[in-house]
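Here the structure of chain A is known, so what remains is to put chains B, C and D in place on it, guided by the hints.
Which chain is which? The protein sequence lines are A, B, C and D, in order. Read in order, the letters of the first sequence correspond to residues 17 to 313 in our numbering. Read in order, the letters of the second sequence correspond to residues 17 to 313 in our numbering. Read in order, the letters of the third sequence correspond to residues 4 to 381 in our numbering. Read in order, the letters of the fourth sequence correspond to residues 4 to 381 in our numbering.
By construction, these hints were calculated from the structure, which means they are not laboratory data. Certain hints may be false.
Said to hold, decoys possible - Output of the computed footprint for chain D on chain C, the stretches with three or more beta carbons under 8 Å from beta carbons of chain D:
{"#": "1", "segment": "36–49"}
{"#": "2", "segment": "77–87"}
{"#": "3", "segment": "112–124"}
{"#": "4", "segment": "186–199"}
{"#": "5", "segment": "319–330"}
Positions of the beta carbon are idealized from the N, C-alpha and C atoms, including for glycine.
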Amino acid sequence: MGDPRGRVRGAARGLDRAAHAVRPGRQGRRDADGGAVNALETRLRARRDAGRKLLMPYVTGGITPDWTEYARAFAAAGADAIEIGVPFSDPTLDGVTIQEASHAALTRGATPRGVLAGLAGLADLDVPLVVSTYCNLVFRDGPWAFCAALREAGASGLIVPDLPVDEADEAADAAAGAGVDLALLASPATPAPRLAEISRRSRGFVYAVSLMGTTGTRSALGPAATALAGRITGLSDRPVLLGFGISTPGQAVEAARRADGVVVGAAIMRRVLAGARPDEIGAFLTAMREALDDPGA
Amino acid sequence: MGDPRGRVRGAARGLDRAAHAVRPGRQGRRDADGGAVNALETRLRARRDAGRKLLMPYVTGGITPDWTEYARAFAAAGADAIEIGVPFSDPTLDGVTIQEASHAALTRGATPRGVLAGLAGLADLDVPLVVSTYCNLVFRDGPWAFCAALREAGASGLIVPDLPVDEADEAADAAAGAGVDLALLASPATPAPRLAEISRRSRGFVYAVSLMGTTGTRSALGPAATALAGRITGLSDRPVLLGFGISTPGQAVEAARRADGVVVGAAIMRRVLAGARPDEIGAFLTAMREALDDPGA
Amino acid sequence: GRFGDHGGRYVPESLVEACREVEEAFREAWADPGFRGELATLLAVHAGRPTPLTPAWRLSAELGVTLLLKREDLAHTGSHKINNVLGQALLAARMGRTRLIAETGAGQHGVATATAAALLGLEATVFMGERDVERQALNVFRMRMLGAEVVPVRAGTRTLKDATSEAMRHWVGVAGSAHYCVGSVIGPSPYPYMVREFQRVIGDEARRQCAAALPSAVPDHVVACVGGGSNAAGTFAGFADTPARLWGVEAEGGAGAALGRPGVLHGFRSLFLQDDDGQIREAHSIAAGLDYPGVGPEHAHLRDLGRARYVTVDDGEVTAAAVRLARAEGIVPALESAHAVAWVIRAAGSGELPAGSTVLLTLSGRGDKDVATLMEVL
Amino acid sequence: GRFGDHGGRYVPESLVEACREVEEAFREAWADPGFRGELATLLAVHAGRPTPLTPAWRLSAELGVTLLLKREDLAHTGSHKINNVLGQALLAARMGRTRLIAETGAGQHGVATATAAALLGLEATVFMGERDVERQALNVFRMRMLGAEVVPVRAGTRTLKDATSEAMRHWVGVAGSAHYCVGSVIGPSPYPYMVREFQRVIGDEARRQCAAALPSAVPDHVVACVGGGSNAAGTFAGFADTPARLWGVEAEGGAGAALGRPGVLHGFRSLFLQDDDGQIREAHSIAAGLDYPGVGPEHAHLRDLGRARYVTVDDGEVTAAAVRLARAEGIVPALESAHAVAWVIRAAGSGELPAGSTVLLTLSGRGDKDVATLMEVL
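Isolated chain A, as found in the complex (with noise of 0.2 Å):
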């Protein structure tokens, strides 16, 4: 197999489908040295080489006022991450359905403030916690300010999907400081030297958006998906997660093909805007879960 990384990908099947399976020290999250033990990147690698496909589902923060419980219920259906979306007036990169969960999650009040104070509510979960933002809140007050906050919220990611890597340097000096790990996207249209820059000064993983367009779900994935996730194992040793588009259980396992795992946004906040509860929305992410721990079946 041309895997450069050398792992046994079928050991992922004798992983026990929960997260606490892995169980890291949640106290890691908040180590004051910049946290490298038990930082995300160290967590999904290890899962990573010890066969599992990982992943990370998503919820906007403050869409509810109970929203904490949605990723409560992904750490019991086996995420392996949780991204958290601290919503944003102008979402750029989202489409429709995140669009209207940022937009409800602001009318109900929502402020990046409080979600983080929701974060740190999550204090006893043993999955890692990834926010997600655009460039505008974590320039508010400054990336120093806004990665020292994260980090007392506990979250140990940092995705900002307008903030390409040109414009990084200052926000990624301030992540690592902050012992938070800042992930650059990467796109299908991303020429090669750059996917290897990206992908060398990416932390605790790459994201690889699956198509040219928003999130959003789509019928199918394109070739492209897969072929970016490729390139980028290709070039680094850091776990690949695959997003945009991935709304089913044979999505995900298609998409894990190639990557190292997949995140999961607009299909759980299309029927979280629905009026799904957070048993229902685990119930689906366990069969998605399912579905990559064994895709055979």
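For chains B, C and D alone, kept in the frame of chain A given last:
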């Protein structure tokens, strides 16, 4: 007195009020050689010279099914000539009343041919009939044809308010050829040399426009009105009728101080449009006739 | 004041002196380099002259002719009307008049008059048929915003014809202090001549621009729409002494030159739509500016002479032509101007404009004002 | 791609390559005399450049200053927007793109984009907030008549900000075949720089025209309205190396430069109206074109440097200024442009513009589009 024609104005008082008092043969209007003898001007001069103030009421031809009855009422009330308007679609020199009357007559189906046929039905009247209309109707089949039709219908005069003296050559020839008097208009703005030309070339009478404006009733006659009449009578021996805005016996008397008579149009048509029957119009004109005949009363 | 059998001054005696004063003042001003210079400056710095000559690249290729557009749509207020009103407003000021009177149909001439009045510190009174006041509420507001008084005319058909009549009636009473700013090459002498002279800047510019743009220097054909006919008269004036064939395109329902009969209205003798009795017929066109039952006397004369030919297009061809020009060249023409485009499209198809012909077309105005109309019919 | 601390390219990774291609193509084209010449020809024969410089005679006398108006309102489609879109459309064609994407608020940039697309045989897709689609039905129809597809945006506040976001989202998916034709000096690098270069024709022309019109050659003050700020950036570019004081006039409710705080939106770092959390605030202005919560990065930089000053006027001053200019000069300005007029009126009154000052004001567009708005408030 400065009256260049040396008439005894007071003599008017001695005349009977009804038009037949002067009694010209109506066959005079049918004279084949151009009708100098019994034409409009001859009749008006004779009455003027006899000291009578002239009264020319106006009716829009075709305004009602029995519109000729208004002409008969005019005659009975002592009209010295009767002006019959042939309605035109775009009466640019008329104020709202005669515009409305023209529009109403056209809506009823009035045509030049129809109005002239009505005139022929007035052949028994002993009052000269003067047709007034706009250039376009005169020129439709050419002024020669139009004037011949006038003569055929028994009209002896013609007024064309949008035909100034500069443009009048052909129409004047045609009118003269048909034995119809083409009366020209003069206005307060007409300069002296031009006024002389108008006075010279006008036939039947000179139509002195009392004011710078359109036809229609006015609350008072301006000083320009009688001044213009004075200017014309200083230039020519031809009868001068003052028109535009004369609507009360008092205004008629005032106008006739310097002019030889008055034209009354809108004041009549306003009543006709309001539904006044011929006898009511006759009563209105009788009062005006009496005032003209006895201005001191 | 004659153009062959046409023209003249068929006005109430009360207006003869006023017309004579306008004529005298115009002849004197037009011979005065100071006046000409002042007008040229206003046209340049305020109205945006010269307007460009735009090669209609894509439409030319489609039609197989070389089509050049004289862009009066880019003149201030959106049409060629401004050329005339700036001239008349300057003349009115020179005559000591303090107010302009104007008639308007769709409101283009009214807006132009209000504009010129504002610029020169004159008052403006604009007569507009009540029906047009309702249909063209935006232009009414523009005029009022420019400080003009807009007087709705309730007589007759309550459209342009009646507004013109009412403006003339009003002028009778105020001729000493107000100038009647006629909007086209119509009206009593000297208006048809004077307005033509004020509009000849279109033709003079186009002549020079064609000389620079065409190997033949002069186009084979010169085309313009005709309502009263001022943009056509101004355009033709620049090509009168050339071999160019001149084409006036009228609305089928307002084709004074093509279908009218001799008559007199609004102070001039020309060709008018009228019934057998001589009653003026109401014109009908999708383009409000062509909704006039007559045509300027010079056009009647050019038709008599055969120097210009007058053709008609129908409303359907006009809207199709407007859309086609918009899509091909990125120019939404006024529906008036679209008449000229429609005829060029038809004539290029029929061979009346042979392949390879060079065609100058005056685009008299922009179509913004017509968008509501087009929304209804498209 | 930086203007001091501002500018940059804060876009999704999927758009980085597209932006880089635009930048490369623009730099190459801008250095190519062939491209420059082709654009100059289009601007001259199609868009009506140069636009005049109009002395505002009467208003100058009233205010005690010499006020010169740069007349972008006379450019084809009614505003300066055409300068930029012709440049970008020509660039897009050169890059082999077959479609233009644009965002629009009131519809002016959308109409200009549709126009340029038609002229160059490109397709056009225009994103417009659903609320603006309803408010600006006539401009929507104009765009469609020009062949463009208009896509109503139902997200967020359903206005310009959201239309811009949606255009960016759409571009992500089609960047290989479509060019995003940004309408102002905003967006990711190279847009703020490129649009400024395409608009500098305003300032370059005005510089030459002022040199001919003013004894001092250069005006003491240069004033322009600022929404995103493209007409101001283009104007200022012509006077950057002169002692002229530069003034950007913003709407009180959309004053990114005067009242905004540093942030990132729509791909660039600049000054934005936002709350303490960093949520972008909705802008409010009677002028739809100023209804944007940010300002181009170059303006943020000029403000930081003190080279230009940014001031605000309120809606009441704006409508009063529009009426005053209409009545004094016969020019109905776009409400955007009326902001600049309003500030000059205020500043001449307060002495901030001393008596005798010479002032160049860019009149960015005509007010026809705003008549309905003015009818409601006047």
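message: At least three residues with a C-beta closer than 8 Å to a C-beta of chain D: is that true for the segment 112–124 of chain C?
response: holds (count 7)
- prompt: Counting residues of the segment 186–199 of chain C whose CB is closer than 8 Å to a CB in chain D, do you get three or more?
  reply: violated (count 0)
query: Per the coverage rule (Cβ-Cβ under 8 Å, at least three residues), is the segment 36–49 of chain C covered by chain D?
result: Result for this restraint: holds, n = 3.
Cβ contact check, 8 Å cutoff: the segment 319–330 of chain C against chain D, three residues minimum: holds (count 4)
- prompt: Are there at least three residues in the segment 77–87 of chain C whose beta carbon sits under 8 Å from a beta carbon of chain D?
  reply: Holds, because 4 residues of the segment 77–87 of chain C bring their Cβ atoms closer than 8 Å to Cβ atoms of chain D.
Checked against the numbered hints above, the structure breaks only hint 4 and satisfies the rest.
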